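Same order as they appear, the protein sequences are chains A and B.
The numbers in the numbering used here rise by one with no breaks, and the one at position 100 of the first sequence is 123.
The numbers in the numbering used here rise by one with no breaks, and the one at position 236 of the second sequence is 313.
No wet-lab data here; the hints were simulated from the structure.
You may find that some hints are simply not true.
Here are a few chain B residues that sit away from chain A, every Cβ distance over 10 Å (derived from the structure) [claimed, not checked]: (1) 110; (2) 123; (3) 151; (4) 194; (5) 196; (6) 213; (7) 231; (8) 267; (9) 362; (10) 372.
The following label-pair restraints were derived from C-beta to C-beta distances [unchecked claim]: (11) B:230 x A:379: 17 to 23 Å; (12) A:347 x B:370: 34 to 40 Å; (13) A:207 x B:333: 46 to 52 Å; (14) A:222 x B:286: 57 to 63 Å; (15) B:374 x A:357: 45 to 51 Å; (16) B:408 x A:89: 42 to 48 Å; (17) A:59 x B:110: 43 to 49 Å; (18) A:305 x B:119: 31 to 37 Å; (19) B:337 x A:363: 44 to 50 Å.
None of these values were measured; they are calculated from a predicted model.
Glycine residues also receive a C-beta, built at the ideal position from the N, C-alpha and C atoms.
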Amino acid sequence: MTSDPRRLLPSADPVSLIDPQGRSADSPSYAVPDDATLLRALGSLITARRLNDQAYALVRQGRLAVYPSSHGQEACQVAAAQVLAADDWLFPTYRDTVAAVGKGVDPVEALSLLKGDWHCGYDPYEHRVAPHATPLATQLPHAVGVAHAARMRGEPTVVMAMCGDGGTSEGDFHEALNFAAVFRAPVVFFVQNNEYAISVPLARQSAAPSLAHKGIGYGIAGERVDGNDMAALLAVLGAAVARARAGEGPQLIEAHTYRMQAHTNADDATRYRDDAEVAAWVRRDPITRLETHLRDRGLLTDEVHARFTAEAERVATHLRDGLNQDVTPDPDDLFAYVYASPTPQLREQAALVADELSREGAH
Amino acid sequence: MTVLASPVPKTEVRTLSMAQALNQALRDAMAADPAVVLFGEDVGALGGVFRITDGLTAEFGEARCFDTPLAESGIVGMAVGMAMNGMRPVVEMQFDAFAYPAFEQIVSHVAKMRNRTRGRVALPMVIRVPYAGGIGGVEHHCDSSEAYYAHTPGLHVVAPATPADAYALLREAISAPDPVVFLEPKKLYWSKQEVQLPVREPGIGTAVVRREGTDATLIAYGPSVPVALEAAEIAAREGRSLQVVDLRSIVPFDDETVCAAVRSTGRAVVVAEAAGFASVSSEIVARVTERCFTALAAPIRRVTGFDIPYPPPKLEHFQLPGVDRVLDAVDDLQWEQ
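Chain B with its partners taken away, still in its complex shape:
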């Protein structure tokens, strides 16, 4: 994909939370293209339960940003029809685990329409999903559901870890010719960063090295990137140099950047919140091992969520991959050889 050329001539530097960056991206996309429409549950007057669509109905009118009945399959299915007929819908699933009623629409239609029609019907649409844990959410509000989408050919799956990336990746997702599942790490909604607008970042499908390091590579995406960065900071104080790779995009997967990083250090740990079994993290280990086996000094380790239903708020700290577990995994990378 190409990096979006933003038609909004802003060149200011602003301190933005990820939520504000996403809101700005939606606003700028709507201003740039009248075909962009937003809908979902509570996205109108309320501005979304996380306020990501705050002010957009007031600014662009109810036709462009509107509330729907509470029915996720209907929301995604209607978006399919609108995308078929000249629009660029951006729909919000209120929470990760509330998106499951739309699963059939996503798997059987959103993902397959281009292929089944030999490219004649494209679906330029974005499904925004506030996702993953770490906010003390109660049952059914904290699922890391990326593997379901990543396993489905025809979807792009994106997870930003910074406000700047949230802006850039969402703008690109909206202008992309294919459907994008856009996973917004809920616990990072309030994380802040100085952002230069318009944002210039690598496109969807490109991973970036967030921190240089020489001893081992931490591979993370979405909510686990700040965990990896913090672990690297602590490790540095203890004399170990950890490199951090932020995937940004799960599909397409950037084998080239990830493998180059792992080859440069010879050791790797994958950090992800989702349950580890049959997961994106296991796919990363498999891919990197297949391609980098001779460069590896130790088996790749994973620090993931346990294979359990997401725990209640007072127990969730056991489930989240924390800095200590990451550092323990790094310690296990056969340094004594």
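Here chain A stands alone, though its shape is the one from the complex:
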């Protein structure tokens, strides 16, 4: 075991490199990413916010059944994807659509689940993004398996396994961390602590000093980071990915952030939190923070900002156009993918549906 377990404990306060006013903050352990990386991240953040708000609007227009928005958590979403290499895997939850898009998934395909055409609308192997996990934390053991298989073959793959504060209460969170530690699987467990699991506040999920403190029980180093600080997220997650890739085993990162909107459009957040709390977090918005920082340092011009906004608008238009297309799902698909080849019983049932359709057509 480890000689000094204290090295597994997170810092007392979340790592921060840019404060809410956009000023540089000193960290003894992490350096601010280079200017180009920060600028690129701002562009991604602006697109991420636009995607969230476009998807939210598409629910109201009836094009999506529901959308669990990561509005307010975009820095976490962008960073999770930006620190990964093309051959690394991302395991998103239902709230991590923006991270999946950041890893390369087409936003229209990413939202197939919520549009209702099919469950997973993209090829998980194309960009190495697992299907959105709706049951909490169940994807985390899968992430360990993917990482372990890669390690057995000597591949340098790292797996980013995402979950929320509520997910850390699930048994699969515990089992995944324990397995990953025992097998030294190259997994970065990335917990977005957004304060609420639907309506239930963090205090009802955990009495731990922080969620990052949970790592020490498994022999995993935990780290806390300001989840609305793009620079800190890139630094902390980037270092965690590098350590995992170097063979140092799994890492646990807790980002402290805030779900600025309701759980989904179907939720009423006024029943469990007040406007003042939300307003305080709006002042810590990850996008204005990075924007202020870059402008103050003379790195962001109006021209570059306009380019970012135009790109965000292009992506939103692509999403809107894609989701406004009416796709008629094929009823044959109901039976086509249950097994590699359908059982005799499924062939009978598919024939029944085909017969119903042919009789409808005859009317």
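Assemble chain B onto chain A, guided by the hints.
This is chain B only, laid out in the frame that chain A set:
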């Protein structure tokens, strides 16, 4: 599914217990395909509590056959990830009733991954479950849990009744493109048979007639097949000719073989250890009745476990469908008509 073409050029005849046949199947599968990995609780140095993985860590190394932390959801969940990423995991649930922590992984992910990804992500994996009673096991060691799995679309569910089938079905399960829940009847682990290797048996999804007969059909699977065969032997001495069908595979279900058998006799009894209510046995009765109603001379009878939690060892003989109950059920098939 296709019958596996074994790459192991053995043509010997050996007397094998079911446990040895399963061990040989795992060994041959690992030798044939480096993607096959085994893991679970106590499957390494110990060779499993039933010794099914005996010697495999020594032969193939710890990377290929290894112990995990004691957490069934983690075991199955990790297998999902490994299967997603090019491996063919074969995991052991130590006992039937210890598999329940993995239920969510099995139902929500193992069974659904191919479907939810439109066939893009397949999960070629096997979940081995030592199952059912008859070994004097204490509480939580003797559940007949097949109905839970059979009710879940996306899984194949297999239960061998002979050493030869144990070998053949496990080899096929490991090479199959879809997840298989492989139910190993614990009380048959030590049953022996002369086995010709490599085994050539019908594939998963095919039932077989184990004994020909003309008066009535006994339908059984896994641990109940030897009970049915013994009942048929006794009935023959009493002048009644009973046919015995061994399902081998619960999912896919072989309607064709089962229905042809029942039509040939006009009478049937289903024998199964699991509690009868909402069970595989009730599904069999429903399916056969729907398809063979006009060929039936009597309602199909069932001999199953009672609808009670599995009893303690000193009472389990009341729960297990025995030969006498089977013969009584046969007697009730309206012979006087």
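May I ask you to check that residue 362 of chain B keeps its beta-carbon over 10 Å from the closest beta-carbon of chain A? 16 Å, holds
Verify the CB-CB distance for residue 337 of chain B and residue 363 of chain A against the hinted window 44 to 50 Å. 26 Å Cβ-Cβ, so the 44 to 50 Å window is violated.
Can we trust that residue 123 of chain B is non-interface, i.e. its beta-carbon lies farther than 10 Å from all of chain A? 17 Å, holds
Take the C-beta atom of residue 374 of chain B and the C-beta atom of residue 357 of chain A, compute their distance, and say whether it sits inside 45 to 51 Å. 38 Å, violated
Residue 231 of chain B remote from chain A - nearest C-beta pair above 10 Å: 6 Å, violated
Any Cβ of chain A at or closer than 10 Å to residue 194 of chain B, or is the non-interface label fine? With a cut-off of 10 Å, residue 194 of chain B comes too close to chain A, as the shortest Cβ separation is near 5 Å.
Hey, does residue 267 of chain B actually stay past 10 Å from chain A on C-beta? 33 Å, holds
Residue 151 of chain B and chain A, when compared Cβ to Cβ, separated by more than 10 Å: 3 Å, violated
Could one say that the CB atoms of residue 59 of chain A and residue 110 of chain B fall in the range 43 to 49 Å? At 46 Å between Cβs, range holds.
Cβ distance range 46 to 52 Å for residue 207 of chain A and residue 333 of chain B, holds or violated: Since the Cβ atoms of residue 207 of chain A and residue 333 of chain B sit about 50 Å apart, the hinted range of 46 to 52 Å holds.
Quick check on a hinted range of 57 to 63 Å for residue 222 of chain A and residue 286 of chain B, using CB atoms only. 59 Å, holds
Just want to verify: residue 213 of chain B was marked as not at the interface with chain A; is every Cβ pair farther apart than 10 Å? 31 Å, holds
In the structure shown, a violation is registered for the earlier hints numbered 3, 4, 5, 7, 12, 15, 16, 18, 19, in ascending order.
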